[in-house]
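Starting from the structure of chain A, add chain B where the hints point.
2 protein chains.
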Amino acid sequence: MNVLVIGTGAVGSFYGSLLSGSGAQVSVVARSDYGHIRAHGIEVDSPLGAFHFTPAHVVNDARDLPAKPDYVLLCVKVTQAVDRVALLRSALGPETSIVLIQNGIAIEEEIVRAYPNHRVISGLAFICVTRTAPGQIWHQAYGRLVLGDYPKGVSKQTAALCEAFAATGITCLATEDIVSARWQKCVWNAPFNPLSVLSGGLATEDILAQAGEGLVRALMEEIRAIAAANGHTLPDDTVDRNIDSTRKMPAYKTSMLLDYEAGRPMETEAILGNAVRAARAAHVAAPHLETVYALMKLREKQIQSTLDPPG
Amino acid sequence: MNVLVIGTGAVGSFYGSLLSGSGAQVSVVARSDYGHIRAHGIEVDSPLGAFHFTPAHVVNDARDLPAKPDYVLLCVKVTQAVDRVALLRSALGPETSIVLIQNGIAIEEEIVRAYPNHRVISGLAFICVTRTAPGQIWHQAYGRLVLGDYPKGVSKQTAALCEAFAATGITCLATEDIVSARWQKCVWNAPFNPLSVLSGGLATEDILAQAGEGLVRALMEEIRAIAAANGHTLPDDTVDRNIDSTRKMPAYKTSMLLDYEAGRPMETEAILGNAVRAARAAHVAAPHLETVYALMKLREKQIQSTLDPPG
Chain A
1 MNVLVIGTGA
11 VGSFYGSLLS
21 GSGAQVSVVA
31 RSDYGHIRAH
41 GIEVDSPLGA
51 FHFTPAHVVN
61 DARDLPAKPD
71 YVLLCVKVTQ
81 AVDRVALLRS
91 ALGPETSIVL
101 IQNGIAIEEE
111 IVRAYPNHRV
121 ISGLAFICVT
131 RTAPGQIWHQ
141 AYGRLVLGDY
151 PKGVSKQTAA
161 LCEAFAATGI
171 TCLATEDIVS
181 ARWQKCVWNA
191 PFNPLSVLSG
201 GLATEDILAQ
211 AGEGLVRALM
221 EEIRAIAAAN
231 GHTLPDDTVD
241 RNIDSTRKMP
251 AYKTSMLLDY
261 EAGRPMETEA
271 ILGNAVRAAR
281 AAHVAAPHLE
291 TVYALMKLRE
301 KQIQSTLDPP
311 G
Chain B
312 MNVLVIGTGA
322 VGSFYGSLLS
332 GSGAQVSVVA
342 RSDYGHIRAH
352 GIEVDSPLGA
362 FHFTPAHVVN
372 DARDLPAKPD
382 YVLLCVKVTQ
392 AVDRVALLRS
402 ALGPETSIVL
412 IQNGIAIEEE
422 IVRAYPNHRV
432 ISGLAFICVT
442 RTAPGQIWHQ
452 AYGRLVLGDY
462 PKGVSKQTAA
472 LCEAFAATGI
482 TCLATEDIVS
492 ARWQKCVWNA
502 PFNPLSVLSG
512 GLATEDILAQ
522 AGEGLVRALM
532 EEIRAIAAAN
542 GHTLPDDTVD
552 RNIDSTRKMP
562 AYKTSMLLDY
572 EAGRPMETEA
582 ILGNAVRAAR
592 AAHVAAPHLE
602 TVYALMKLRE
612 KQIQSTLDPP
622 G
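Same order as they appear, the protein sequences are chains A and B.
Just so you know, we're using the working numbering here: the first sequence kicks off at 1 and counts up by one.
Just so you know, we're using the working numbering here: the second sequence kicks off at 312 and counts up by one.
This is chain A alone, in the form it adopts within the complex:
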């Protein structure tokens, strides 16, 4: 199995190293960490063990690879700062499957429009993993993947990739309905990611204490209603189960908070903006979500204003 990972942040480095460890030929497209990874590879510190990943090839651009991969794993954040379509362009051979391991709602459409003749496998990672320095990955906990063909089904390519991941020791689930799985994950992401940022840095357990739980539940119910209006009915106990499982987690900083604290672009549009637009298109009232989204846009504007030179 020939795999290319685009993006050597936490997610791409971790899952790429797993596949490499179980026998796949895994190359990486690195951007800011190119020099370091080319010289030193990638170190992963994980409950699964400490291991070293030496990619088959480390390139700046996929056109420098000797062959086209079977799978290209796109593991970059979904933000306006990243042109995902351009990143994929030189990576695709006629048989290459595009695998998106990314957060958010409706993030596949742009890729499907750009590459209509390619299989798009949509994936979700349930993991706590951090890039602590170039080529240094700290896998703290969890690791489950959920993969499915977009918009529906499980092709043999998806099944084969899932088996390859399962052979590495993590859980990989192939689902017939990845879009429902995305809405399900959004139930958690839509409240906790922005609230961690707007609160100024609270971890999940502090958000749930006192004033936060009511707002978290209201946001989760709105996501459920939007999903249902879009044909993806989530179980009745979705909100309770999300609250309960979050209470059992150790205090956890969301990925959006980590991006915020590191000064990186946040996935506001992928997680919140796309959910809000889905609500508006389906005429579902989502006032709590609209409020949080508008506040995140103001927060981003304020951050931008501190970066722009005065004009």
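Note that these hints are calculated values from the structure, not bench results.
For each residue, glycine too, the CB sits at the ideal point set by N, CA and C.
A couple of the hints might just be wrong.
[Claimed, not checked] Straight line, CA to CA, 20 Å or less: simulated PhoX-like cross-link-like pairs of lysine-lysine:
1. A/301 to B/467
2. A/185 to A/152
3. B/564 to A/297
4. A/253 to A/185
5. B/564 to B/496
6. A/185 to A/248
7. A/253 to B/608
8. A/253 to B/463
9. B/496 to B/463
10. B/496 to B/559
[Said to hold, decoys possible] Quick look at which bits of chain A chain B covers, simulated, 3 or more residues with Cβ under 8 Å:
11. 204-216
12. 279-292
13. 296-307
Same frame as chain A, but now just chain B:
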């Protein structure tokens, strides 16, 4: 006219100095700035002129005054950190009118319950004024006062105080319905104060640009609906007029943002909490306001967690 001002922040120092300049005998209760003001008085830099205010008496506690005042102007922020009832206790003679020059909704009830035999004059200040250092006040713009007896009416004491203020050169309006005036002011305060903080420090004009205007309007409409449900119908064009006048203002940092940036307690409960509670009591849906209120409580919790020693 014998006046006591409690609180030598921007508002108390400014209005006290005006009354003193037009012949009233004005004393002050100072807390943190006591030493400076006792030694040097108060300097006011204003479009009305630069002037010096030497209080008749500067005390730590009103019990040290030789006589009880005709009016006690309570000019402290309404936060959980300040015990307004205790501050008034030693200031009141049998004929003393209590004058609250403070932001917020339903802030009179606590005072009326504690001092049921005293006249309570409720007041709103429309002013840009800042305490730049102990005893140093910078009056930037505006200055209008609106006064009325709580809960209704204009007594001769209120009329006399209003005349005294008008004689100083500012506009002072006596209103028969100060509670409606408070809701009217809350239409502006409820969006702009918390949004300036939650955005990370945007001024009014930046909040109104792009994503902010829709949220500002939604919050303003909710305040109008809550006010109406509580018997205070505000004009149909209230929201448009508030948006238009804010666009004409110079870029303006709200008082809550100034408090936030200075690490002082914010008037979250007086402005948002009391409005939310009024909505719930009247069964008015206010999801945007509930969201902003919950986020401000999370923000305050995060600030507190950085101040508390780890337990």
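Structure-based check of each hint:
Our distance criterion of 20 Å between C-alpha atoms is broken by residue 301 of chain A and residue 467 of chain B, whose separation comes to about 50 Å. A threshold of 20 Å between alpha carbons decides the hint, and for residue 185 of chain A with residue 152 of chain A the separation of about 17 Å falls inside it, so the pair holds. Proposed proximity of residue 564 of chain B and residue 297 of chain A is supported: the alpha carbons are some 19 Å apart, at most 20 Å. A distance of roughly 16 Å separates the Cα atoms of residue 253 of chain A and residue 185 of chain A; the hinted pair therefore holds under the 20 Å criterion.
Between residue 564 of chain B and residue 496 of chain B, the direct Cα distance comes to roughly 16 Å. Compliance with the 20 Å bound is thereby established for this hinted pair. Under the criterion of a C-alpha separation no larger than 20 Å, the hint pairing residue 185 of chain A with residue 248 of chain A is consistent with the structure, at around 17 Å. Distance restraint check for residue 253 of chain A and residue 608 of chain B: the Cα-Cα separation of roughly 19 Å lies within the 20 Å cut-off, and the hinted pair is therefore satisfied. Taking the CA atoms of residue 253 of chain A and residue 463 of chain B, the gap is near 50 Å; set against the 20 Å cutoff, the hint is violated.
For the proposed pair residue 496 of chain B and residue 463 of chain B, the alpha carbon gap of about 17 Å is at most 20 Å, so the pair holds. Of the pairs offered as hints, the one joining residue 496 of chain B and residue 559 of chain B holds, with about 17 Å between alpha carbons and a cut-off of 20 Å not exceeded. A count of 8 residues in the region 204-216 of chain A with a Cβ less than 8 Å from any Cβ of chain B is obtained; the coverage claim is therefore met, three being the minimum. Given as covered by chain B, the region 279-292 of chain A passes the check, having 5 residues with a CB less than 8 Å from a CB of that chain where 3 are the minimum.
Under the rule that three or more residues need a Cβ within less than 8 Å of chain B, the assignment of the region 296-307 of chain A holds, with 7 such residues.
Hints 1 and 8, counting from the list given before, are not met by this structure.
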